[in-house]
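*Asks:* Here is how the chains run, residue by residue.
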Amino acid sequence: MSPLEIVILLPLLAALAIWLGAPARATSVGAAVINLLIVLGLVFGFQAASAGKAGFAFESARIVLDNPAITFGVGADGVALILTLLTSLVTLAAVWQIGDDKPGIYHISSLLIAAGALGAFLSTDVFFLYAFHELALIPTFLMIGLYGHGEPEHRKAVAWKTTIYLGAGSLVLLAGLMWLVLEFSGGGKLTFDLQALRAQAALTPLPVEKQAQIFFVLLLGFGTLVSLFPLHSWAAPAYATAPTPVAMLHSGVLKKFGLYGLLRIALPLLPQGAQVAWVQETLLFMLLGNILVIGLVTINQKRLDDVLANSSVMHMGYIFLGLAAGTEIALRGAVLLMFAHGVSIALLFALAGRMRNQLGTLELNKLGGLGEHAPAFTVLFAFGAFASIGLPGLANFAGEVMVFVGSFMNYGSASFGALQWAVVVSLWGVVMSAVYMLRACRNIFHGSAMTGLFMRDPALSQRLPLIMLAAVLLIVGCCPWLLLNLLKSDLAAVVAP
Amino acid sequence: MTPPAQETSASLPTLLLLLPFLTALSILIGHKLLKGASVVLSIASAALCFVISLMLLDARDSAPILLPFIEIGKFRIALDALIDQQSRGMMFIVTSIGLLVHLFSLGYMKDDEGKVRFFGSLSLFMFSMTGIVLAGNLFMMFIFWELVGLSSYLLIGHWFEKPSAAEACKKAFLTNRIGDFGFMIGILMLFMANHGDVSFIGLKSGFAEGPLHEMTQTHTTFMMLAALGIFMGAVGKSAQFPLHVWLPDAMEGPTPVSALIHAATMVAAGVFMLVRCSFVIEASPDAATIIAWIGGLTALMAALMATQQNDIKRVLAYSTLSQLGYMVMAVGLLAIQVSVSHHEAGPGHPAMFHLYTHAFFKAMLFLGSGAIIYACHHEQNIWKMGGLMKHMPVTFATFAIGTASLMGVPFITSGFWSKESILGVGFEACRPLFWVGVFTAMLTAFYMTRMFVITFLGKPRTENAHHAVEAPIIMVLPLVVLAALTVLSTFESFNRLLAAMIPNHAEGHPTVMIASIAALIIGSGAGFFLYKGKDSDPLNIKLFANKFYFDEIYAVIVKVLQDQLAWVVTGLERMFVDGIVARLPAFIAVRLGSAARVLTGGHLQAYTFLLGAGVLMVIYLVVFVLPQLGH
Chain A
1 MSPLEIVILL PLLAALAIWL GAPARATSVG AAVINLLIVL GLVFGFQAAS
51 AGKAGFAFES ARIVLDNPAI TFGVGADGVA LILTLLTSLV TLAAVWQIGD
101 DKPGIYHISS LLIAAGALGA FLSTDVFFLY AFHELALIPT FLMIGLYGHG
151 EPEHRKAVAW KTTIYLGAGS LVLLAGLMWL VLEFSGGGKL TFDLQALRAQ
201 AALTPLPVEK QAQIFFVLLL GFGTLVSLFP LHSWAAPAYA TAPTPVAMLH
251 SGVLKKFGLY GLLRIALPLL PQGAQVAWVQ ETLLFMLLGN ILVIGLVTIN
301 QKRLDDVLAN SSVMHMGYIF LGLAAGTEIA LRGAVLLMFA HGVSIALLFA
351 LAGRMRNQLG TLELNKLGGL GEHAPAFTVL FAFGAFASIG LPGLANFAGE
401 VMVFVGSFMN YGSASFGALQ WAVVVSLWGV VMSAVYMLRA CRNIFHGSAM
451 TGLFMRDPAL SQRLPLIMLA AVLLIVGCCP WLLLNLLKSD LAAVVAP
Chain B
1 MTPPAQETSA SLPTLLLLLP FLTALSILIG HKLLKGASVV LSIASAALCF
51 VISLMLLDAR DSAPILLPFI EIGKFRIALD ALIDQQSRGM MFIVTSIGLL
101 VHLFSLGYMK DDEGKVRFFG SLSLFMFSMT GIVLAGNLFM MFIFWELVGL
151 SSYLLIGHWF EKPSAAEACK KAFLTNRIGD FGFMIGILML FMANHGDVSF
201 IGLKSGFAEG PLHEMTQTHT TFMMLAALGI FMGAVGKSAQ FPLHVWLPDA
251 MEGPTPVSAL IHAATMVAAG VFMLVRCSFV IEASPDAATI IAWIGGLTAL
301 MAALMATQQN DIKRVLAYST LSQLGYMVMA VGLLAIQVSV SHHEAGPGHP
351 AMFHLYTHAF FKAMLFLGSG AIIYACHHEQ NIWKMGGLMK HMPVTFATFA
401 IGTASLMGVP FITSGFWSKE SILGVGFEAC RPLFWVGVFT AMLTAFYMTR
451 MFVITFLGKP RTENAHHAVE APIIMVLPLV VLAALTVLST FESFNRLLAA
501 MIPNHAEGHP TVMIASIAAL IIGSGAGFFL YKGKDSDPLN IKLFANKFYF
551 DEIYAVIVKV LQDQLAWVVT GLERMFVDGI VARLPAFIAV RLGSAARVLT
601 GGHLQAYTFL LGAGVLMVIY LVVFVLPQLG H
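These protein sequence lines map, in sequence, to chains A and B. Take the first sequence: its position 14, counted from the start at 1, is 14 in this note's numbering, and no numbers get skipped. Take the second sequence: its position 176, counted from the start at 1, is 176 in this note's numbering, and no numbers get skipped.
Chain B on its own, in the form it takes in the complex (with noise of 0.2 angstroms):
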């Protein structure tokens, strides 16, 4: 239940911690006085959390208490951290991207009347996100779950006048809440399993000899659900088919929250936390494949449906949810592979060193979108674009490193080699799953491709697009550091800073590289050669385009289950309980009512205080007059 006592640095974590906190309660509380500063105080609290991680990737491994929650005897729950290379090295992706999403909004959102508040939702979004990093134990970790949540529904909303960004936030949180209904039980039977101690460090040694150890032999359909509960958090905050329907529609938030909310952070959150908690799937073989197979049909899906997309920010969606899917695939790849082979999986994960390479690509795809948005006087769709080439040309530089990035360019991409150790993974432990993979990377490369193509070749299709001039110096600062992380990610040497990136199945089989090579070329060529120079799309498949008609099949689920089972259940209550114990009072009360109007002349107070007078005779009868009689 204790995790080991370590007094060095519960300090720098705890600051990390409230750090935002402070500052999106103080914005909340006095942004009436404080106005500009507000966005100042923003930016300086997360270019400070960015420091702090840095000074934390030198910390030693540890477990300090942060702060107290709520303890009874020998139960407690509190938020303690878990200092280690995984959380080190999301705190570093969290941060740093961060603070450029920070710096890139104050252009953005220059002339947004709800400035103020944005940076306020950014900092109460830092401090969830911190804590979920940081989060020692699953109760922690189920807290700030719930506040990602919250701040990703506040941004979403941002602009809550337009109807359908009001939708999106509330579908978000309530989609999220799904996910959590079966994170939440998970939860619970791990707790009641391992003896009420839900500490990362706690349930692996219970899972390695403890209480666990022996459940996963003797009760398998138990330990598979706990697993498939956990796992089901995940599939809320990670868009997992079938809850995927939130993220596209998330992007009616602003675009710098879609770069680091919906793209490399709190949606790569559900991956985090199944890293974290692989122990508990790799006790199950069977939740195992189930996860791997949900990755691998959410990539494939995905994929598909960014194939006909004409939104850039809902490319750029689809593209995310697909590379989640590659990640939770690998999550359960791996812990098939660890449990049949019976030996611990190495330092590095592949499903973590694809969230790293995501996350920094990713982010920057989404920021330049948000630059070409904004040059292009808040015009989303790429056939309104073309030629942005040549007027925005450092967008487009770091537009085309991160597509190759994403597409997974061999051998000077960072993509290229996270894809591999994943598609590496999937060939030895599942060899259908091995083959989804590679399909979908052709297909990234194809709906990339075609993105690209559309939008920075050719000649400008509109008025905006013609008049459209690169980004101010602050929107571009972001891109292009975000461009040399993504290309400096692929060194050696950056890798040795985050620890966690090295994978362990960097070497490849041959037939691995080769697929994906080949599916590079024929996704990229088909996409350059069906696109080049066409002013509209010459593919037309409405399944693709239609999502797969997701929104529509759920639009039905929910009115007949839920809002016609309201009303149905409604009426019956309305019927039974209140005609049955209600109605017959009521009969009794007009009876004594017409009698009280003979008496009183038909005042409430009249009947009010008889009322009184009637209970206290009735408490005098009963406690004086009744006893006495009995003796």
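Looking at chain A on its own, in the form it has when it is part of the complex (with noise of 0.2 angstroms):
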């Protein structure tokens, strides 16, 4: 059995022990604690692992069914590892600041999700890529219908647009994985497997404008699950609804499944598409509506959860500029990004969780003056916020650095094509970034405290995960080529010639 399909396994069995009636919270982080331990040891292991490996490390796989082949199969690259180790260090932080008045629904749910997404990183077959995402998806509506925020009939409308968003842009992902499917088919056998799906792309590559066809399907179906404009208007009301772990998760962890899937499937596999000048005009176009017009949506809000729900969308943008621009340093450096935006996020949501529950309201104007009172708090808030705008020495940096200079270098020339001028924009979205984050700090933490808002600093346990998401941040920020040296060449075939 591959310690990957453990990892997957894991959490299913926790979730299902918690439904069975095993004590939630223990069972739970329990659970996390090892996923996380395992997840370290396979970082650690997995340059011996992979040495002399072109393809997967760790992998097993086991036939389900033999035509149409799906296998469930499981590997790990580079890419792979770091969203799993992601997955494994923001479940546990997500299960561990469930309080102790929540039903056992948080944890099992939390565990699905977790569960889904390692499952759709981790494995090398398409169909179960696709399905496990979907197995996230369902946990991921019903929390956000039974226990969101707000009003019964407020959260039952967004949990429905979320559903109807992403259920529609799965079934136009499906659609396009299995025009991809049905072209490589050869001989009357349809395979789902990825390396084989590799192999034949690389021995028969589809032409350049079929190419471009599906890849501009795909970008579609994986773009409307991680809000790329226009088709991100189900994920501010649905982050800022969700409980906290489901919001954690959603947003830090499994939207980027779509990124993913366009980095494991739509590149590799349609390398010419995605350079196709309409292609990646139209993504430059979508991105940028990310980065500009949502940008200014953020700047706009006075909620402090609509502030970071917006801002995760935004975010999103440059992963994607990184992914428009193909070259190998922008491929790495988006996911890089990936992981610090993913472990960002979910840190501030997180402490923006919390600041609900004890203060009651998250509206702007309302607040003031915390950072006199809860002084721990503050110093862990202002990690989230400043690496979420890009500061250096905090993760998020090293990543937009690389996409930028990765987009930007077409070297020797003296002019600007596209690309370069989508850099030039999108670095006005940073100046942008810096202004909504450092008015939200101002208003929550300077200045002197309103009547009748008061919090404390969260108990040393309670912090724990928090302190734990901070120092990742921290850590990859000032040492990046920890998590780059685990992508070695994987990218580099990914990259058009």
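If you're looking for bench data, these hints aren't it; they were derived computationally from the structure. Note that the Cβ used here is the ideal one computed from N, Cα and C, for glycine as well. Treat each hint with caution, since some may be false.
[Unchecked claim] Label-pair restraints from in silico Cβ distances:
id	chain 1	residue 1	chain 2	residue 2	range
1	B	LYS534	A	ALA471	28 to 34 angstroms
2	A	MET450	B	SER164	52 to 58 angstroms
3	B	ASP58	A	TRP421	44 to 50 angstroms
4	A	ALA418	B	GLN217	25 to 31 angstroms
5	A	GLN462	B	ALA400	56 to 62 angstroms
6	B	LEU67	A	TRP421	55 to 61 angstroms
7	B	LEU565	A	LYS366	48 to 54 angstroms
8	A	LYS366	B	THR218	45 to 51 angstroms
9	A	VAL208	B	PHE548	54 to 60 angstroms
10	B	LEU25	A	LEU464	17 to 23 angstroms
[As the list claims (entries may be wrong)] Just some of the chain B residues that point at chain A, by a computed CB distance under 7 angstroms:
id	residue
11	TRP159
12	GLU161
13	LEU174
14	ARG177
15	MET192
16	THR220
17	MET224
18	LEU225
19	TRP383
20	LYS384
21	VAL569
22	GLU573
23	MET575
24	ASP578
Two chains, two frames, some hints: make the complex.
*Replies:* Now the structure itself:
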């Protein structure tokens, strides 16, 4: 049995155990800790395990069906491993911070989302990759509808909106994937195995225009799941309404599935499709919409949860920029940024959730002066906020700068193409992020406290998972090579020749 | 791409960089355990940094790699140092003034509740500033560039309960972000043009004979924009027009911070960076002209504003703006001169020379003002002081030395020589800017005399001023040391210690000297006779007192171009994106919902299970059934 299968199964088993009556908190935190330890072990053992291999490490395959060929195959390369690490970190923080007063379903659904994300990241079979993501979506909808914030009518509406959007996106995605699989299937035998599809794509690449068409369908499908402009409008209300662990897990981890899919499936199988002018220009237009339009929308928000939710949509633009550029540096930067964004937004949502519990409101102009009463809380928030505005020394900066550099490098040239202009515009987005984040910090922590609103620092045991996330931001920010070294050559193979 | 391998001295600079970082980190993590020891730790680390920078004064020129950061194949962003006379000299300034400010703060912040946080932030600042000085490539420069921005944010906002301080720190960070926007574009343009190498060594050789050399001839606009992009970084950090508005507000921070960060070191980093990148500016005469004029304009405008300020720290802040304008002007002027005459500049740069002398005397003036504020029970209005000469003799003496140096009293003050060398370049490169410089010098003499007369001479105007006593020894000592450094730096032998302080334009034209001495006499004479024995300001120029209404204008711009635009865009996004892309599905959803309610009695769980079943069914159909139909 591959250790990766254990990593996927453990949260599922823990969820089952809680459903059957095991103590919720102990079980889920225990499972998350063990999972994190296993993943850390895998990260440390990765160099040895992948030495001399072109494809995946820790792989295993169990044949489920012969024709169409579906195997329950798992395996990890650097990209998958980085996202697995992200998932296990965020899962631990998410289940840890669930209060004792919450019912067991909080733990069960968090674990299910985690298992779905892990399965999606680690599957080497397109069928399971897709199915695991669907598995993770169902508890997300459920939790928003049942335990979301706000009036029952409101949260139900948000749950429906999310469901319809993501359901429709998933169906478009499914259509695209099927188109892809059918195009590559020869001799009446369908295969969903990524390695086999890759070999096929290398052997007999599709005509460029067909690549572009399939890529575009996949982009729409995956893009909806990642809240790519203008398919984004489910995301902000969903995050602002979702219970804290679900907001952490979905925006931090599960949303990365769409990006991961583009990186794992669309780019390697359709390497020229992404570079076709109309596809790239459309993508640039959409991602600049994320950065500029949603950036301005974020500035206009009046509640902290809305600010965070919209900022999370906005920051997807930078990752898409890395994918659009398609150079090795930009792609690696995008992966690093996926990790960094996941950790920082999870930290911020966790803190916002705590504030909502203690203060009962997140309206910016009602808050103030928390810096005096809750210094540790303030420092943790500052870590998340400054990471998300790309301060050097925290993880997001390294990813962003690699995306910018990778998109800009047109060595020896002295003229700007579409990508260069896109970078210039995106850089203005970095200024906008600073505007809304610092405004939020100013309103919440500075000045003097409003009457009746008072908050204490969380106890050390409650602080630990948050400190863990902040420490990860700092460590990866100072030593991004720790993660980048895991990537080896997996992304070099993705880059169009 | 690879700097010459120097096995000799990587460990000392690495230690210099990491020491304050580890100090700040351990204060952040362990402040509960360390308590008062945090302060000792911070000061000890500053002292050790000073010792290391003294040791580096003897080090050979080298470009050691300190720490890895990002490396992918041929592409690399590393933390690599460039040790040469500029960085050695700047490091001496940063660590010496840094140490003195740490000591001064021990007295000034004695009773502050956030003392530990203050010293932790100071250590963070020392780390960031060391990084800027050591940086051997533009990416590393940018990394620490933003980090000094963070430490400045934390220190300006030290008393964050005060709304004015909270607004000021936000304003400082955001204004700098706008500058950094241009800085990053400039870096990326050079990165692209020089095939991925933005180390100072690589860029220099690139401009001398590499790919960039050709482009300076063929793509003048591109090179000008790259140079202006880099310059924009300095416009933000060194508070040049039009991004100068944050610096006066930064005076909300504790006074030692104003001395260290907002007078001597961080704001001068922009000038340091421009001198580091002087070859970029020299490659584009147009950019050089723009830079020189922006510097000159800032110098003049800030001096005009300074003449009507009543807050002792604000006068000094505008004077800092004005002096920074001089330095930036010098960078532009020298670049014009070099690009016209086509021979390389000498070893010393007049802008760096002025940076050094200014750092000492301005830090001293700020610390002096801190001692006064401390003695007058946090009174900052100069009209509520007066007659402090008798009460605070040491502060008075050191303040007098600083004022004399800033005004440029001929031959005996360091400020005279450095200003002279800037005016000298102006005289040769651009006559109108030379006269702007002379006029600014006259205004400088005027407003410094004004402040000096009001604060120290005459009779005490309030109780606080009447009862003022000399500050404790821990605060007076740094003043005396800085005064000594200010005086010493006029001497040849001390200049040799900081090799960069020997400017290559020391011997000026007689006109230059006559003009600047005349400016001094007119300015200080007018200031003395106008303000001697006055209890209120005889001049009342609204335009200067209100800083040319920049804050008001910018407030309108931010309101319209950012907040209103954001409001409109949000509305449009709601209307179109959400309206078209989401209303339609919502409509379907309601229909589906009512259908489902009939089926299940309205339970959300049931909806969701229905959904799950539906998804599974679609998957089954698409994956298993559809392909079979095709074959």
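*Asks:* Indicate whether the distance between the beta carbons of LYS534/B and ALA471/A respects the range 28 to 34 angstroms.
*Replies:* violated, 59 angstroms
*Asks:* Minimum Cβ distance from GLU161/B to chain A below 7 angstroms?
*Replies:* holds, 5 angstroms
*Asks:* If you check the beta carbons of LYS366/A and THR218/B, does the distance land in 45 to 51 angstroms?
*Replies:* Violated - the Cβ-Cβ distance for LYS366/A and THR218/B, about 59 angstroms, lies outside 45 to 51 angstroms.
*Asks:* That 44 to 50 angstroms hint for ASP58/B and TRP421/A (C-beta), does it hold up?
*Replies:* Between ASP58/B and TRP421/A, where Cβ atoms are some 49 angstroms apart, the hint holds.
*Asks:* Going by Cβ atoms only, is VAL569/B closer than 7 angstroms to chain A?
*Replies:* holds, 4 angstroms
*Asks:* Does the CB of MET224/B sit less than 7 angstroms away from some CB of chain A?
*Replies:* With a closest approach of 11 angstroms, the MET224/B hint is violated.
*Asks:* Would the stated hint for ARG177/B survive a check requiring a Cβ distance to chain A of less than 7 angstroms?
*Replies:* It holds, given that the least Cβ distance between ARG177/B and chain A is near 5 angstroms, below 7 angstroms.
*Asks:* In this structure, is the beta-carbon distance linking LEU67/B and TRP421/A contained in 55 to 61 angstroms?
*Replies:* Violated - the Cβ-Cβ distance for LEU67/B and TRP421/A, about 33 angstroms, lies outside 55 to 61 angstroms.
*Asks:* Given the hint of 17 to 23 angstroms, check if LEU25/B and LEU464/A actually sit that far apart at their C-beta atoms.
*Replies:* With a Cβ separation near 18 angstroms, LEU25/B and LEU464/A satisfy 17 to 23 angstroms, so the hint holds.
*Asks:* Holds or violated: 56 to 62 angstroms for the Cβ distance of GLN462/A and ALA400/B?
*Replies:* holds, 57 angstroms
*Asks:* Given TRP383/B as an interface hint, is its Cβ closer than 7 angstroms to any Cβ of chain A?
*Replies:* violated, 29 angstroms
*Asks:* Given a cut of 7 angstroms on the nearest C-beta pair, is the interface hint for THR220/B held or broken against chain A?
*Replies:* Constraint on THR220/B not satisfied, violated at 10 angstroms.
Violated hints, in rising order: 1, 2, 6, 7, 8, 11, 16, 17, 18, 19, 20 and 23; the structure is consistent with all others.
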